[in-house]
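Student: In case you want the letters, here they are:
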Amino acid sequence: MANVQPAVISAGFCEHASKRSDVNMAELVNEAVEDCLNKAGSVEWKDIDYVINGNMPAFEGANMPELWMTDHMAAKNKPLLRVTTGGTTGGSVFVSGYYAVASGLYDMVLAVAFEQQSCGNTTVGLASVALGELSIYPSLGYEATRLRRNMGAGAAIGVASYQAMNYMRRSKATEEDLARVVVQNRRNAAKNWWTHLKMPTITIEDVLDTPYISYPLRFGMVCPASDGACAVLFTTEEKAKQIADVPVYINGVGSYANEPAIIGVDCGGAGQTDPCEQLGAVKSAELAYSQAGISFPNKEIDYAEVYSPFPNQELQWVERVGLFEPNSAPEAYLNGVTALNGEMPVNCSGGVNSTNAIGASAMERPAESALQIMGKAGNQVPKTVHTALGHGWGGAINLISHVVMADEPQRKFK
Amino acid sequence: MPLPEYIKKDYKRTRTMKGSWYLTSYKYKFNLSRIKEYLKGLKNGILLGLKCRSCNTVSFPPRLICGRCLVKPDQWVRLPETASIATGSANYDEEDKKREHPFPVIAVRQDGADTALIHNISDDVDFNSIYIGMPLKVVWAKERNGLYLDIDHYEPIEDPAIELNKKEGSVD
Ligand SMILES: [Zn+2]
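Those sequence lines, one after another, are chains A and E. Numbering follows numbering that gives the first Met the number 0, in which position 102 of the first sequence is assigned residue number 101; successive positions increment by one, without gaps. Numbering follows numbering that gives the first Met the number 0, in which position 101 of the second sequence is assigned residue number 100; successive positions increment by one, without gaps.
One chain only, chain E, in its complex shape (with noise of 0.2 Å):
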């Protein structure tokens, strides 16, 4: 059922001229310093963050300049294939409605890591099932190129939280 009609007014209709405006002529500078060493991690199937001397900051993917001390983190740290789900979200564009759920979005923090990137889950995971905190492992892609999507997406692991939970509850 539609929203029902707001109170509308009709405005005259006076001259309209078209122009466009091409995004895509623009060139964009990015320093890729830190970037190649990340991908070349990856490549070896290897997880690096970058963690700040000052404040113990570890950024995943990682950034040029420690926004909080304002120095450039140089020291690499290997971190676990296991990661959470910091926040989501579930695209609901032309595309995806053709499938069974929607599209879901999530943002994950890697264990070990104090940010959060946005990336996949498994495709068969209802989106419905996810919750914030739910605990992921990496699951590589078949072939690794040093890209980004080396990691190919993150897939849903037991969450040690229920069944504590579920035992505490028996408790009661």
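This is chain A alone, in the form it adopts within the complex (with noise of 0.2 Å):
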């Protein structure tokens, strides 16, 4: 285990919006480095030693996107490192600076994730990804016009339509179940500056009006594709006491992948058949809890940010991860248990589900848990946030990544 304790001190974001026509990738990210330093208070760029960068994998059409930046991100002269895992991207590139700041070797690491949507093509870049498991299909049989209805399925809104039905088959929740989540992501999304989706007077009845994207889900319940970064400073203990009013320790970190959802390797059948079990974010949450020393979630944590590109998995999600017994989130949302002033705030930022620049946006999530404990989020939670969690989820389907904070180092540091 690690004897350097990791610190979070600040956390920046540019603007996020489904053009940024005013910027290209590079000075999108400039934008969220430059307010993670403002944020940083004596923290300059020349006291950054090591740094670490990512995106989707060519989603924008361009490769190795980490060296056109050097400079926009303060990297010249210093370690630079691309971490590129899909939608869990921003996770594992937070997690890497965790790791960068545990293993003793660097004192200041500068974590860097983003996506600008708007300049590539999202369609073909997650073609990218299934291409090479499904190009096999045609020579096999398989006509074109039932492989794109049958695979088309199977990208990320199928992949999350079927997680939707076997969720809702587990815990009876209704669509508008569904629906109240999205109007709380909005509408929270509206009080948080750098949110894409701000909607402030949406009703379940207007999300329960737009047709049938891919069902059970419609398109008012679906994600925007946003462009934007999000930066983050870790630090040591020591430094972080110096540095920060309020430094955020990460005391745990989980990352578990389970087999993919329904697509199988090699036209090989998928070894989960129920894709809403989640095992991936049961194990990750069970690492990160222990080694947080956190024995009951549901009590410990006092806010949470998971990744929820479509509403039915934020419910999912918050019962994988021990926050809610299962099948009790949807009572828990209608009842406003989640809700800003609730007992268990979650997505208070907007979530994915508002804002989704899909490399950036795993990173948000435990970025935003940590300006939560800070006292300094976009849209604060009015009680004290001690524990909080930041969850992602992405890759082949089903990559997830588990980040523990608290204003608290670990027990045994103490």
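Derived by calculation from the structure, the hints in this document are not laboratory data. Some hints could be false.
Mimicking SDA-like on lysine to any residue, the simulated pairs with C-alpha atoms at most 25 Å apart in a straight line are [to be verified]:
#1 E/Lys71 - A/Glu258
#2 E/Lys26 - A/Asp208
#3 E/Lys141 - A/Glu258
#4 E/Lys26 - A/Lys282
#5 A/Lys282 - A/Asn334
Distance ranges between label pairs, derived from CB positions [stated by the list, open to error]:
#6 A/Asn120 - E/Lys39: 32 to 42 Å
#7 A/Glu26 - E/Trp139: 18 to 28 Å
#8 E/Tyr10 - A/Asn120: 17 to 27 Å
All C-beta atoms in this analysis are idealised placements derived from N, C-alpha and C, irrespective of residue type, glycine included.
These two chains come separately, so use the hints to put the complex back together.
Tutor: Spelled out as structure tokens, the structure:
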């Protein structure tokens, strides 16, 4: 185990929108990095001794973007690492920042995750992920129309609709329950400065009035495609105490993947027959909690950010990571438990459902959680947050990252 | 009715250059050693699952490596023609909007197998009548060529569980 206690001292964002036509990728990243350093007190460019960067693999058609934006993120003459793990990229970048400090090799680490979807073509990007696996099907007698219909339903939205089908069957959740999650997220987003879909007046009826895009998910329930970036500054416990008013200690990190749901490898069937089971999330949460000394996450966690582009996932994740009993999340949302002033606020930033710059999304979760502990979040919860979690999902459908942070260091370092 | 407008901000437009990336120019490699045996079975109207000797997991279609045990399964087992729905969704893309019902896509778990595969259900089935665990039966293609779609689709069969529920209901 680590003998250095890593801490987060600052997190920065740029404004997210569907088209940040005023900036390119490097400038977009620069905005988040500047925001991060502005909030970091006495820390300057030259103090950073390691930089980690990540976004989706070539979704903007640019490989090695980290070299393009070296100057824009203060990486010149410094060790630089690129991490890309699909939808979990941001989470993996965050975890890499933790490892870099925990290893004892670096004192001040800048982690940057971004995506400028308006410059790229997400359909081509997703196709590049799936094509290797699907390209064999036509030669085995699959005609194009049927392949498009069957496997088209297997892209991100399709995987989510399979999860929704099984989750709704298990929990008896209704479409109204899903719409309620969307309303909470979009209204929260309206109060947070950097988010994309700010809808302060949206209602459940508005969401249910939109057409289906992939049963049981409607157009109004789906996340947007955003341009955006996020930057986080990691350091050691000693330095954090000198620099930050409220240092946020990273006490547990778990990252598991389970088998891809539904799409089999090399034409094989998928080992996971229930897409909402999500063993990867359960395992990574268990690992992170055990590191952080948390036995009762539903009591000990004060705030949660989970990665939910689609509303059914938010209900599914909060249960799988142990915040609620299985199948009880819809009721909790109905009773306002997860609202800004509730007992267990979830995704008060607006969540991925309101803002999805894919590569950045999974880092924005722990980053927002850290800001909630510091008391500096855009949509700050009224209660004091001591312990918070940030969760990420993605990769070849089921790679999970799970980070637990607190305002007190891990027990064994006290 | 559309969603309410979200609060938008306009950003200045700067120069954009077009580029393209040809995914179809890539080449992908597959190991067909297990698939061939499976397809030969389909041609003869036999459903073959591949069983891991270590954990008894049966994959259908076959998988090259058992992820649980990291061994290469090599024991073929014959599976019945019945199956059940593991999960499902419906496709609402442009072409499918012309249809009366949305196009259902289901993941099927063949009885006796532990894995799921994406397939289709009879065209006349209304998507809303589909449920998880719904029993199905293989409908073979008119002509079997030893290809993936020799199983043309699956059709629903009578669900004994529903009958059982009805009987139990009458006792109450
Ligand atoms: Zn095995």
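Student: Need the list of violated hint numbers for this structure, in ascending order.
Tutor: Hint check: 2, 3, 4, 5, 7 fail, others pass.
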